[in-house]
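From first to last, the protein sequence lines are chains Z and L. Note that the first sequence covers residues 1 to 188 in my numbering. Note that the second sequence covers residues 189 to 376 in my numbering.
Source of the hints: derived by calculation from the structure; they are not laboratory data. Incorrect hints may appear among the rest.
Straight-line C-alpha distance at most 25 Å; calculated SDA-like pairs for lysine to any residue [unchecked claim]: (1) K193/L x E299/L; (2) K43/Z x N370/L; (3) K198/L x G322/L; (4) K83/Z x H358/L; (5) K271/L x V95/Z.
Chain L is nowhere near these chain Z residues, computed Cβ spacing over 10 Å in every case [claimed, not checked]: (6) D23; (7) F25; (8) H28; (9) Q29; (10) P32; (11) K49; (12) A67; (13) P75; (14) V77; (15) K80; (16) T86; (17) H96; (18) S109; (19) N183.
Glycine included, every Cβ here is placed at the ideal spot set by N, Cα and C.
Chain residues, written in single-letter form:
There are 2 protein chains.
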Amino acid sequence: MKLLKEYIEKYGAVTDSSILKVDSFINHQIDPILMMEIGEEFKNRFSDKKINKVLTIEASGIAIAIAVAYALKVPMVFAKKKKPSTMGEAYNATVHSFTKKTDYNITVSKEFLTSQDNVLIVDDFLAMGNAIIGLKNIVDEAGATVAGIGIAIEKGFQPGGEILKKQGLHLESLAIIDSLENNQITLR
Amino acid sequence: MKLLKEYIEKYGAVTDSSILKVDSFINHQIDPILMMEIGEEFKNRFSDKKINKVLTIEASGIAIAIAVAYALKVPMVFAKKKKPSTMGEAYNATVHSFTKKTDYNITVSKEFLTSQDNVLIVDDFLAMGNAIIGLKNIVDEAGATVAGIGIAIEKGFQPGGEILKKQGLHLESLAIIDSLENNQITLR
């Protein structure tokens, strides 16, 4: 997606530890016009899929998920990292975070995911793929169908993309980073 | 706001402990069409304010903030509850949660809030007002201006609204709950 790649080249930054910082337009400060364009782009890429629900994980997936849900005119659900005291029965999955070197639980109320649902899973980043696999496990547990995976920025030098495609999932990444070596952003 | 009140009456639920559950359309499953309408409503209510930034707090404020930021065509920033390792200098505030009976820290990078900013603070709920006061403290620390406070659902039987108005802040709440007694939702 041309606009997203332009934002990454213009506003993205690479830290010393080879982390791509996009916190000026995606995951701290957010550009709402870019988000709505991302929503339209995913709508077009999954136009044949009859999606009836969008699923993501708090917090940085929410802005993208609301944009694509608005484009598709379907509800979106975000998995929570802590189960609220008011939540009834829920689906759960464990996710390992390589960045934070810790496991965490994600949870979705059984009220909002059923076997009738055809679900588009979206997130801002794809690296090792663990968060997406956790969301997929929740969709599977509900007996629902994964219609596809929509990612804003995929780290092409990490295995998440290959892992998801080997499972037969339809993955669409709007920008793929091939390398962050020498603090240079190389886009595919 | 008529549409939001209709959603609350139709889909809202009151738990045994007098908590209003709106997790089918605001804070777990989210209706994107309602969100965009809420965005337009806040744009109209603050049309004289020359807002150039929208500020909220993760996670359940994000959907509303992105909608109002899109309506106003300005960036939005969400305060984080944990400071990421990649974040540089930041503004911080402590917020006491009465629901969770604990204090937590919120943080916004100094990159994304400056003395030039005229900020609309938004959130899904207003009860005691502590989260909003925390966000206001961060805006003050940055030398920026609070243009107003936009709330989807205010609990009118708790003091947050009065506290904010006594500070001279322009508060707009789209729905005010006067009572949840006897598990009945009474809207103002």
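Against the structure, the hints come out as follows:
1. K193/L x E299/L: violated (37 Å)
2. K43/Z x N370/L: Violated, at about 44 Å.
3. K198/L x G322/L: violated (32 Å)
4. K83/Z x H358/L: Violated, at roughly 34 Å.
5. K271/L x V95/Z: holds (20 Å)
6. D23: violated (7 Å)
7. F25: violated (8 Å)
8. H28: It is violated; H28/Z is separated from chain L by about 6 Å at its closest Cβ, not greater than 10 Å.
9. Q29: violated (4 Å)
10. P32: Not fine: 4 Å to the nearest Cβ puts P32/Z too close to chain L.
11. K49: holds (17 Å)
12. A67: violated (7 Å)
13. P75: Its Cβ does come within 10 Å of chain L, the nearest being 5 Å, so this is violated.
14. V77: Answer for V77/Z: violated, closest chain L Cβ roughly 5 Å.
15. K80: violated (7 Å)
16. T86: Incorrect as stated: the minimum Cβ-Cβ distance to chain L is 6 Å, not above 10 Å.
17. H96: holds (17 Å)
18. S109: violated (6 Å)
19. N183: holds (13 Å)
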